[in-house]
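Trainee: One-letter residues, chain by chain:
2 protein chains.
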Amino acid sequence: MKILFENADILLRDRDKFSVLEDGYLAVDGERISYIGSEKPQEDFDVIKDMSRRIMMPGLINCHNHSPMVLLRGVGSDLPLQQWLFDTVFPIEDRLTAEEIGAGSRLALLEMIAGGTVSFSDMYFEPETTIEAVAQSGLKANITRPVQSFDPDETPDQSYRMKEALELYNKYNNSFDGRVLIDFCIHAEYTCTERIAKAFIDEVNDRKGNLHIHLSETKKEHDECIAKYGKTPTEWFNDLGGFDSSAFAAHCVWLEEKDMEIFHRKNVSVIHNPTSNMKLASGFAPVQKMLDKGINVALGTDGASSNNNLNMFEEMHMAAVVHNGYDLDATVMNADTVLTMATVNGAKVQRRADCGELKVGNKADIIAVSLDKPHMRPALDKKALLTYSAQDSDVVMTMVDGKILYENGEYKTLDKEKIYYDIDKAVKKLYS
Amino acid sequence: MKILFENADILLRDRDKFSVLEDGYLAVDGERISYIGSEKPQEDFDVIKDMSRRIMMPGLINCHNHSPMVLLRGVGSDLPLQQWLFDTVFPIEDRLTAEEIGAGSRLALLEMIAGGTVSFSDMYFEPETTIEAVAQSGLKANITRPVQSFDPDETPDQSYRMKEALELYNKYNNSFDGRVLIDFCIHAEYTCTERIAKAFIDEVNDRKGNLHIHLSETKKEHDECIAKYGKTPTEWFNDLGGFDSSAFAAHCVWLEEKDMEIFHRKNVSVIHNPTSNMKLASGFAPVQKMLDKGINVALGTDGASSNNNLNMFEEMHMAAVVHNGYDLDATVMNADTVLTMATVNGAKVQRRADCGELKVGNKADIIAVSLDKPHMRPALDKKALLTYSAQDSDVVMTMVDGKILYENGEYKTLDKEKIYYDIDKAVKKLYS
Numbered sequence: 202m203k204i205l206f207e208n209a210d211i212l213l214r215d216r217d218k219f220s221v222l223e224d225g226y227l228a229v230d231g232e233r234i235s236y237i238g239s240e241k242p243q244e245d246f247d248v249i250k251d252m253s254r255r256i257m258m259p260g261l262i263n264c265h266n267h268s269p270m271v272l273l274r275g276v277g278s279d280l281p282l283q284q285w286l287f288d289t290v291f292p293i294e295d296r297l298t299a300e301e302i303g304a305g306s307r308l309a310l311l312e313m314i315a316g317g318t319v320s321f322s323d324m325y326f327e328p329e330t331t332i333e334a335v336a337q338s339g340l341k342a343n344i345t346r347p348v349q350s351f352d353p354d355e356t357p358d359q360s361y362r363m364k365e366a367l368e369l370y371n372k373y374n375n376s377f378d379g380r381v382l383i384d385f386c387i388h389a390e391y392t393c394t395e396r397i398a399k400a401f402i403d404e405v406n407d408r409k410g411n412l413h414i415h416l417s418e419t420k421k422e423h424d425e426c427i428a429k430y431g432k433t434p435t436e437w438f439n440d441l442g443g444f445d446s447s448a449f450a451a452h453c454v455w456l457e458e459k460d461m462e463i464f465h466r467k468n469v470s471v472i473h474n475p476t477s478n479m480k481l482a483s484g485f486a487p488v489q490k491m492l493d494k495g496i497n498v499a500l501g502t503d504g505a506s507s508n509n510n511l512n513m514f515e516e517m518h519m520a521a522v523v524h525n526g527y528d529l530d531a532t533v534m535n536a537d538t539v540l541t542m543a544t545v546n547g548a549k550v551q552r553r554a555d556c557g558e559l560k561v562g563n564k565a566d567i568i569a570v571s572l573d574k575p576h577m578r579p580a581l582d583k584k585a586l587l588t589y590s591a592q593d594s595d596v597v598m599t600m601v602d603g604k605i606l607y608e609n610g611e612y613k614t615l616d617k618e619k620i621y622y623d624i625d626k627a628v629k630k631l632y633s
Numbered sequence: 202m203k204i205l206f207e208n209a210d211i212l213l214r215d216r217d218k219f220s221v222l223e224d225g226y227l228a229v230d231g232e233r234i235s236y237i238g239s240e241k242p243q244e245d246f247d248v249i250k251d252m253s254r255r256i257m258m259p260g261l262i263n264c265h266n267h268s269p270m271v272l273l274r275g276v277g278s279d280l281p282l283q284q285w286l287f288d289t290v291f292p293i294e295d296r297l298t299a300e301e302i303g304a305g306s307r308l309a310l311l312e313m314i315a316g317g318t319v320s321f322s323d324m325y326f327e328p329e330t331t332i333e334a335v336a337q338s339g340l341k342a343n344i345t346r347p348v349q350s351f352d353p354d355e356t357p358d359q360s361y362r363m364k365e366a367l368e369l370y371n372k373y374n375n376s377f378d379g380r381v382l383i384d385f386c387i388h389a390e391y392t393c394t395e396r397i398a399k400a401f402i403d404e405v406n407d408r409k410g411n412l413h414i415h416l417s418e419t420k421k422e423h424d425e426c427i428a429k430y431g432k433t434p435t436e437w438f439n440d441l442g443g444f445d446s447s448a449f450a451a452h453c454v455w456l457e458e459k460d461m462e463i464f465h466r467k468n469v470s471v472i473h474n475p476t477s478n479m480k481l482a483s484g485f486a487p488v489q490k491m492l493d494k495g496i497n498v499a500l501g502t503d504g505a506s507s508n509n510n511l512n513m514f515e516e517m518h519m520a521a522v523v524h525n526g527y528d529l530d531a532t533v534m535n536a537d538t539v540l541t542m543a544t545v546n547g548a549k550v551q552r553r554a555d556c557g558e559l560k561v562g563n564k565a566d567i568i569a570v571s572l573d574k575p576h577m578r579p580a581l582d583k584k585a586l587l588t589y590s591a592q593d594s595d596v597v598m599t600m601v602d603g604k605i606l607y608e609n610g611e612y613k614t615l616d617k618e619k620i621y622y623d624i625d626k627a628v629k630k631l632y633s
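Those protein sequences? They're chains A and B, same order as listed.
Residue numbers for the first sequence, in our numbering: 202 to 633.
Residue numbers for the second sequence, in our numbering: 202 to 633.
Calculated from the structure, these hints are not laboratory results.
Keep in mind the model is a prediction, meaning the values are calculated, not measured.
Treat each hint with caution, since some may be false.
Identical copies look the same in the list; a pair holds intra-copy or inter-copy alike.
To be verified - Restricting the straight-line Cα-Cα distance to at most 20 Å, the calculated cross-link-like pairs of lysine to aspartate or glutamate (EDC-like) are:
{"#": "1", "residue 1": "K241", "residue 2": "E223"}
{"#": "2", "residue 1": "K467", "residue 2": "E404"}
{"#": "3", "residue 1": "K467", "residue 2": "D403"}
{"#": "4", "residue 1": "K421", "residue 2": "D528"}
{"#": "5", "residue 1": "K250", "residue 2": "E240"}
{"#": "6", "residue 1": "K467", "residue 2": "E232"}
{"#": "7", "residue 1": "K490", "residue 2": "D530"}
{"#": "8", "residue 1": "K241", "residue 2": "D573"}
{"#": "9", "residue 1": "K626", "residue 2": "D295"}
{"#": "10", "residue 1": "K629", "residue 2": "D582"}
{"#": "11", "residue 1": "K604", "residue 2": "D378"}
{"#": "12", "residue 1": "K399", "residue 2": "E365"}
{"#": "13", "residue 1": "K459", "residue 2": "E436"}
{"#": "14", "residue 1": "K241", "residue 2": "D358"}
Please work from the sequences and hints to get the whole structure.
Mentor: Here it is in structure tokens:
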């Protein structure tokens, strides 16, 4: 299948910034981008699409998600964190089965696809149901089966979570044409014994795996780790070898200078989740400082239960403005920075070398953002428009590996009504 | 014209909170709400509309706007405040004529109507063009002609701005069936001599007018006022009698305890503009503290040049989450608080006693928010959904004074294509 997009504004990478090619042509041949330029390519195409008044840009990459948690959207909002988590979230999660989790993942996929997300990094149990949904949807995902261990007597041999995580990797890593990658996950320092963490990290390193963790999200977590181990969560993971292969850490709100040095030295990526950090009152991650130190920072929504949606445009906007207010400096975290975090930096986190950027030879993971609505006019500065004015509802096309998954409100791979039916059923069971 | 809405979720006021009447009926007779309840009213209606899977709520009130500044959307984003204002905004504003300003206001109206705003408080020059646009659109607005004076020798008799402001009041206050009210405006302490401010305030108080001002937006402004006058901007306005009739002050980021005491004693309202305060790095207004002291706090977007849109759902969301992060307390600024700020409290600011709340006898200023999209499912907590998950694109109907102005993407009173044409023309003239 060869597709030509014409009359498009195309967001291109120009060294470490974005630039806009106006009125350009972009061709897709199979799953890859085959041409970008100002001249119409002289060849035959199966489909030609007019992209007047649309910005074509790399699809967004949501690097920290718990996709099935859309099932808990809005539940316990405005409660203090501990009460929200222990009295509200955990009791509901205890009742979840694979059936509800699958329905949740499929709803999350509908939301992400419509909002311009082309790939996400997920952390939740019963991940096979999520993989099935991802496979069907056409999206990309880096999936994990999180490891936790609260019992100091549990041995690595006894950990069914470790066993499941390794089996998942064997069965699904690099499956569905490479759309599904299996990463590894230790949920957090405070939810895993050192013994299990160490054993699992050894397994991860043997496989040169990619480790997804929560780290220094709250001051409480950070301080209690120091009280318990005499080291920060970063030092704890690093001392266990957790950063020896490849790793990315969600939140990092309370990172100290010495932690950032470790992140930089060990090439550990930070996943910034500003909406969740604001809503749950975790605090302001020192993101500009991390970027200045050369740390790779990407973006994530966190789960919908602490956000309360999976809207990457909202996340870019939040990241772009809240740090200005906190630092009393309007020049931190500009449009280029957050667009880079949501695309290029996310692809690095997911170890997808041929994604995250519109260029010839890369996978065709492309979204089109409409400039039609009043809030996108006048289009004087398109990077600013995408960052500060755009809504995820402005996305009019989502393409992954050259395949259109969503166009003008229509889903091409998922049955929306069936998914809504399943969600209603799951909710009735969970909350009655 | 009698309209019945059936099968609606209706956001009602229950003492000082909102509650949701599920599967209810709401009737509109002429410009007012004539019935709300669980039983279908037994009378004839001209139109019956099914509102299944829609939340009907009071329309949003944007209490601080510079509507024509959509013409500068995105220009100079990410620059430091002074450079943005003096090197970018002011030179463009110097070139503006009534024609461009009118085009800007009309574009702003398209954006506001589609996003569920039913009324706004505006501050800009050439206000007659904005009034014309408001009159045609069917929206409500509290309009001002701002007074400034930089020349210490200027006398009140010489101030053409004062003259225009008073003429505007005589000509348009309470016009277009009360949809247009004329408020008064002193732009700010730092842009007006004490002499002109005092003289204008006397005129405002003679008319029992409503005064719209900028106040303590930046630390620089606040500190320089103290250095100049030995008093805070709040004390300066108060000592001039500025709070003796009725007043509302935008931003109030740097308000001190003693300022809040004055606000409370004099019934001065605060307009919170969180997106602008974050983006321009002004800081965090102590909003929860103001509310705890009993001060009326409403919401505003500020102009689109410092936001960069006029999206009140985004504004509610921002207000609801950023203070949690700043105060490290997830319980401040909850869903009820921000919904109240955007509706009930806004109507108080605008001195519209029969607006801001869905109840029998009130003006029918109503919006319908769809629960259809994936990000609005499941609908477990509708107040949380409206605050944390909803997008302004979920608005499927905007009604003002019983008249539908917008429905399912269609404008009923404004010619969108003509407005877009005028904006393109204005932009070509301004930026070439």
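Trainee: Now tell me, hint by hint, if it's right for this structure.
Mentor: Structure-based check of all given hints:
1. K241 with E223: within (13 Å within a copy, 55 Å between copies)
2. K467 with E404: within (18 Å within a copy, 67 Å between copies)
3. K467 with D403: within (16 Å within a copy, 67 Å between copies)
4. K421 with D528: between (23 Å within a copy, 15 Å between copies)
5. K250 with E240: For K250 and E240, only the intra-copy Cα distance (15 Å) is at most 20 Å; the inter-copy one is 51 Å.
6. K467 with E232: neither (33 Å within a copy, 66 Å between copies)
7. K490 with D530: So K490 and D530 pass the 20 Å test inside one copy only (13 Å; across, 24 Å).
8. K241 with D573: So K241 and D573 fail the 20 Å test inside a copy (24 Å) and across (40 Å) alike.
9. K626 with D295: within (17 Å within a copy, 60 Å between copies)
10. K629 with D582: For K629 and D582, only the inter-copy Cα distance (14 Å) is at most 20 Å; the intra-copy one is 47 Å.
11. K604 with D378: within (13 Å within a copy, 54 Å between copies)
12. K399 with E365: Within one copy only: 17 Å inside, 75 Å across.
13. K459 with E436: within (9 Å within a copy, 46 Å between copies)
14. K241 with D358: Neither: 61 Å inside a copy, 65 Å across copies.
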